[in-house]
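Trainee: If you want the building blocks of each chain, they are given just below.
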Amino acid sequence: MKIIITGIYPRSENLVSATRDFDRKRISTEELEAVRKDDTADFLKLQKGFKYKSNGLFNWQDLIRPFSEIIENCKVGGLVRFYETNTFVKELEFVDRPVVNKEKLDEWIKRYFLPDITDKNHSNTLFTLPFLYLLKTFSSGISTDRIAEILIDIIPNLPVSDKSAICFIEPTFGFRKIEDDDIKEGISFLDNIKSKINCPVFINTFFFPIRDNKKFIFNLPTDGIGVDFYANSLSEIMDGFPSGRSLIAGIMNVNSTLIEERERILTFTEKLKGFIQSDNIYLSTNGPPELLPKIIMDEKVKNLQEII
Amino acid sequence: MELRPLLTHEIGSLDKPSWRVKPFRDISLSDKDIESAQRWGKMLEIESSYELIELLSKRAQFTDDEKNRIIFYSSLYATRLLEQAGVEVIYDGEQSRVEMYEYPIRRINGFVFKGHVRSFDNKYYRKASCVEKPSINEPFHIDEYERITAFAKRPVKIPITGAYTLVDWSYDEFYLKDVSAGEENIGDKRKGARKKFLSDMARDIIYPNIKSLYEKGAKFIQIDEPAGTTKRDEIDIFIDSLKESIGDLKGKFFMSVHICFSDYSLLFPKIEELEGMLDEVHFEYANRDSRENGVNKRARRGYEILEKLKETEFTIGLGVLDVHTDFIESPELVRDRILYAVDVVGDPGRIFVSPDCGLRTRTWDVSYEKLKNMVDGRNLAKKELCL
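Read top to bottom, the protein sequences are chains A and B.
Letter by letter, the first sequence follows residues 0 to 307 of numbering that gives the first Met the number 0.
Letter by letter, the second sequence follows residues 0 to 386 of numbering that gives the first Met the number 0.
Fair warning: there could be bad hints in the mix.
[Stated by the list, open to error] Reference listing, derived: stretches of chain B covered by chain A, where coverage requires no fewer than 3 residues with Cβ under 8 Å from a Cβ of chain A:
id, stretch
1, 110-118
2, 175-181
3, 185-193
4, 197-210
Rather than coming from a laboratory, the hints here were simulated on the basis of the structure.
We treat Cβ as the ideally placed atom computed from N, Cα and C, and that holds for glycine.
Please model the complete structure; the sequences and the hints are all you need to start from.
Mentor: Here's what the structure looks like:
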């Protein structure tokens, strides 16, 4: 059993202050970057011993905004609630045929996916990306197949190795009905990505009960599936869970500041081991870590490390 | 006060001027801060502004009494700003509150603040956790109501953050403590815990606050529920919490609810159960609308939900100003948004005009221009409708 942290990690109180000061023009870009680097270093330290390490995405405005900077004919629109949370994203509005600006791509990847990663080979980096339906949910004027084409133009340029991993965030399964054509597009997209890169690909569902889409999710060509276990019961999920696949078990509750009790975690993991090999179990959060203050999230991760 | 067709009102917050904020953060006031207080004092024709300027000239190390005077002036200035813009039902833009969540939570027993959480971009709010059953020692909106009504020249509307929003924006260590990851029927258990939390907040916190304002003579009260439609499977318990918050006070004053940045269609048909209890339902519309003039569906695409609202008995609080941009809506754009709403609903008497939400993220200059144009646009609409 291992721990994996996907999505945007919470900013420290120092970085919160620095971003506010930056917005008010009280500090320079360099000063802001210095504080952000401290957060990344701190987060990498927290992940010591993890199989995959994330950079925390501390400079991501939200899970979709960075894409507005690399896709031409894309405007940043109004605020929209991010699923059923009290966080918001700005919708992406596509006014004409969107295309990836390939000249800017290297620099963009460096800025959003590799800041402060000290391992020059990026060997065990976890790359977090939004999946197709998430991007579609928070965009207008673009089809799912075009989103897939855009991601296919981007993802093979990430410096992945066989020791790194890609995790797609996709809560839409439990949020709205996904049309049949989009379902086919999702499968074909993942097949395409898997043929172009040489690392495990995970999909993390977050937030919602997935019982109605279980068959589809379990059949997706991924190496692992993430589930919110505060929205789904263990027995329901493990009934029919595909063999050989990894499970990202969302058991650190991002909606509660209570630190998970040792006995409850052990009871959960013991039950889980009855269904799936330990090597295929990743313990994680049940939603984006940034829904908790950093001090609490850090404590939850350390607590889990001690328990397992 | 007669509830005239197309009555204008505000929705809650305004920005806090730097001379209001800095003394509480132990930051010295600059010449620019003092000049700003002078400029607005003159513009808003505040006769006693010289007293504020004298006070601010101390620049730092204000005593608690001096800080309270600064809040008083900030409240007076903001109230006058709304009056001068021509808004008919007013407030002081939360000048004495930290913001709409932290202010009440700090006055409710049973909550502990845990740290900052990002709302969007570089905007954060301080989030608390419920660690024991919530209770209050006394209602906490009376001082604010009495202060504003003492100098307001127009009717005052006090916003109260509703039970659902306070619950949804908080962590829960108390009601959820017995829920374990992956257990059987976890969805039902989670919802049961949530329902209990909400009911306690509505009955023991919100109702006594509304009642105390009514007893002091408040004629307009707004329950702020920006989180109201956040979770689709909780719409029923959200509406139930509003019923519990209003209780036997229905019909005694003008009661509105404000909800924003959500999928409003989720509220239907359950919200109809509030007919007869709630007078006005206010949503944000301009944020999702086009900036083109016009009284047609294409230009007014942000106002789609009116089709559902027109079938209800509610007065419609119509958001006509986008609060998240410095774009100044022209009077003509505001006019067309109103005319479109009248066209859909069929009765201008059922429409009140306001910004989408509180204007706290805009400067006073921008807010003033927006509000003034809102009133001018309303007047153009009235003229067009021969009202």
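Trainee: I'd like to know which numbered hints this structure contradicts. Please list them from smallest to largest.
Mentor: Number 4 only.
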